[in-house]
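2 protein chains.
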Amino acid sequence: LKPNNIPEVIVQRLPLYFRAVELLSRRKVEVINSQDLGAFLKVTPTQIRKDLSYFGHFGKQGKGYSVSRLHKELRSILGLERQWCMALIGVGRLGRAILSYGGFEPQGFKIAACFDTDPKQIGKKVSNCIVQDISELGEKLRQSDIHIAIVAVPQDQAQNVIDSLVKCGIKSILNYAPICARVPKGVNIRDIDPVMALQTLTFHLVNKSEGSSRTRA
Amino acid sequence: LKPNNIPEVIVQRLPLYFRAVELLSRRKVEVINSQDLGAFLKVTPTQIRKDLSYFGHFGKQGKGYSVSRLHKELRSILGLERQWCMALIGVGRLGRAILSYGGFEPQGFKIAACFDTDPKQIGKKVSNCIVQDISELGEKLRQSDIHIAIVAVPQDQAQNVIDSLVKCGIKSILNYAPICARVPKGVNIRDIDPVMALQTLTFHLVNKSEGSSRTRA
Numbered sequence: 001l002k003p004n005n006i007p008e009v010i011v012q013r014l015p016l017y018f019r020a021v022e023l024l025s026r027r028k029v030e031v032i033n034s035q036d037l038g039a040f041l042k043v044t045p046t047q048i049r050k051d052l053s054y055f056g057h058f059g060k061q062g063k064g065y066s067v068s069r070l071h072k073e074l075r076s077i078l079g080l081e082r083q084w085c086m087a088l089i090g091v092g093r094l095g096r097a098i099l100s101y102g103g104f105e106p107q108g109f110k111i112a113a114c115f116d117t118d119p120k121q122i123g124k125k126v127s128n129c130i131v132q133d134i135s136e137l138g139e140k141l142r143q144s145d146i147h148i149a150i151v152a153v154p155q156d157q158a159q160n161v162i163d164s165l166v167k168c169g170i171k172s173i174l175n176y177a178p179i180c181a182r183v184p185k186g187v188n189i190r191d192i193d194p195v196m197a198l199q200t201l202t203f204h205l206v207n208k209s210e211g212s213s214r215t216r217a
Numbered sequence: 218l219k220p221n222n223i224p225e226v227i228v229q230r231l232p233l234y235f236r237a238v239e240l241l242s243r244r245k246v247e248v249i250n251s252q253d254l255g256a257f258l259k260v261t262p263t264q265i266r267k268d269l270s271y272f273g274h275f276g277k278q279g280k281g282y283s284v285s286r287l288h289k290e291l292r293s294i295l296g297l298e299r300q301w302c303m304a305l306i307g308v309g310r311l312g313r314a315i316l317s318y319g320g321f322e323p324q325g326f327k328i329a330a331c332f333d334t335d336p337k338q339i340g341k342k343v344s345n346c347i348v349q350d351i352s353e354l355g356e357k358l359r360q361s362d363i364h365i366a367i368v369a370v371p372q373d374q375a376q377n378v379i380d381s382l383v384k385c386g387i388k389s390i391l392n393y394a395p396i397c398a399r400v401p402k403g404v405n406i407r408d409i410d411p412v413m414a415l416q417t418l419t420f421h422l423v424n425k426s427e428g429s430s431r432t433r434a
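Taken in order, these protein sequences are the chains called P and Z.
Once you know that position 91 of the first sequence is 91 in the working numbering, the rest is easy, because the numbers rise by one and skip nothing.
Once you know that position 154 of the second sequence is 371 in the working numbering, the rest is easy, because the numbers rise by one and skip nothing.
A hint or two may mislead.
[What the hints assert, rightly or not] Estimated spans, in silico, between C-beta atoms of each pair:
1) Lys337(Z) - Gln47(P): 42 to 48 Å
2) Lys125(P) - Asp350(Z): 33 to 39 Å
3) Glu30(P) - Gln374(Z): 23 to 29 Å
4) Gln35(P) - Val226(Z): 22 to 28 Å
To be clear, the hints were calculated from the coordinates, so they are not data collected in a lab.
This structure is a prediction, so every number in the text was calculated from the model and none was measured.
Even for Gly, the Cβ is constructed at its ideal location relative to N, Cα and C.
Sequences and hints are given; from them, build the entire structure.
See below:
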């Protein structure tokens with residue numbers, strides 16, 4: 001099966017599996033079966049077996065998965081065997097928080113360049129990154145090994161910035177602006193939006209639903 | 218149909234519809250059909266009609282949806298007719314960025330209290346919020362109208378903090394710590410995890426998939 005035929009809903013769960021085997025690996029767990037992994041992740045064992053079967057055979061029936069092998073294979077499937085350089089667009093309050101976030105680099109994601117339109121910011125060093133003029137975006141990206149862009153500009157500028165990134169050949173965008181961004185085919189965008197996550201929580205609060213639910217949001 | 222029978226995957230899409238009608242409303246669009254709304258959101262029109270049909274009849278066949286009515290109804294369904302007070306746990310770098318984030322209050326979400334374990338932080342004022350001792354969490358929450366907690370503590374403290382919040386009766390948690398948190402039935406948790414979102418992007422980069430995809434992450 002070609003990886004581009006894998007349903008997006010499965011692709012979305014792969015990092016969750018990767019996170020789980022990372023934690024299990026740190027706890028020196030060597031083998032885990034789909035029941036225990038399912039209980040850990042609140043996913044059914046059938047779901048896990050079905051999801052992983054897209055990528056070949058990881059476990060022997062009744063023997064469970066080798067944590068180290070699953071860790072290695074998921075790392076490879078997700079493209080995490082290399083470091084990924086990213087460009088950050090927008091170094092306002094949100095952008096600065098993203099620049100100072102310590103969670104990217106240990107996972108192989110590095111903010112290698114940052115851009116803004118504000119003349120007062122351009123040339124300044126923020127968290128070891130010199131703010132560059134957004135008008136130089138195309139040129140700088142061409143000279144670099146950057147494949148991912150993070151959008152942290154205000155709502156009303158976000159679509160324009162995303163359009164520019166797409167024009168520069170960026171195919172992967174992590175977007176923090178609360179908009180319904182349009183991207184052409186072949187470009188992938190992920191929205192980080194805590195307000196939308198909160199709105200699913202308030203749905204459950206006002207509707208007094210009894211079940212528990214978990215989702216990345 | 219009772220709201221607690223609504224599939225979680227639909228609940229997850231409701232804030233997206235709400236966001237869209239908010240934007241359309243600001244652009245003075247009065248009526249939108251499921252085709253145009255679908256094109257706007259990159260969701261099929263059938264999906265939209267099916268999702269919204271869970272909540273009654275919003276549009277007339279062939280006439281489209283009234284944007285103002287859809288806006289009002291989704292606001293009510295999602296429980297957004299009131300302000301929601303939240304507690305923030307952890308006022309380190311990430312917690313401070315969350316406190317200073319300007320996107321919560323306009324949407325009716327207010328950080329009304331913040332807590333930390335660090336004696337150097339306790340008593341200090343951060344973004345108009347006085348840092349309180351986490352040992353007083355239970356007492357303070359009982360005296361307040363707080364129904365949602367935001368977890369912004371380091372990875373190794375997160376599960377303990379989540380357990381304490383659950384003990385204090387909190388049923389809704391927005392979690393920024395990169396862990397697979399365990400919560401009992403009846404408690405809803407949403408993880409905000411940019412690294413997992415990035416890992417679905419790198420999957421597509423290494424597997425050169427052609428389609429475009431969008432997901433909140």
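Hints, one by one, checked against the model:
Checking the proposed 42 to 48 Å range against Lys337(Z) and Gln47(P) shows it holds: the Cβ atoms sit about 45 Å from each other. In this structure the supplied range 33 to 39 Å holds for Lys125(P) paired with Asp350(Z), their Cβ-Cβ distance being about 36 Å. For the hinted restraint 23 to 29 Å between Glu30(P) and Gln374(Z), the CB-CB distance of approximately 27 Å keeps it satisfied. The beta-carbon spacing between Gln35(P) and Val226(Z), approximately 24 Å, falls within the hinted interval of 22 to 28 Å.
The structure shown violates none of the earlier numbered hints.
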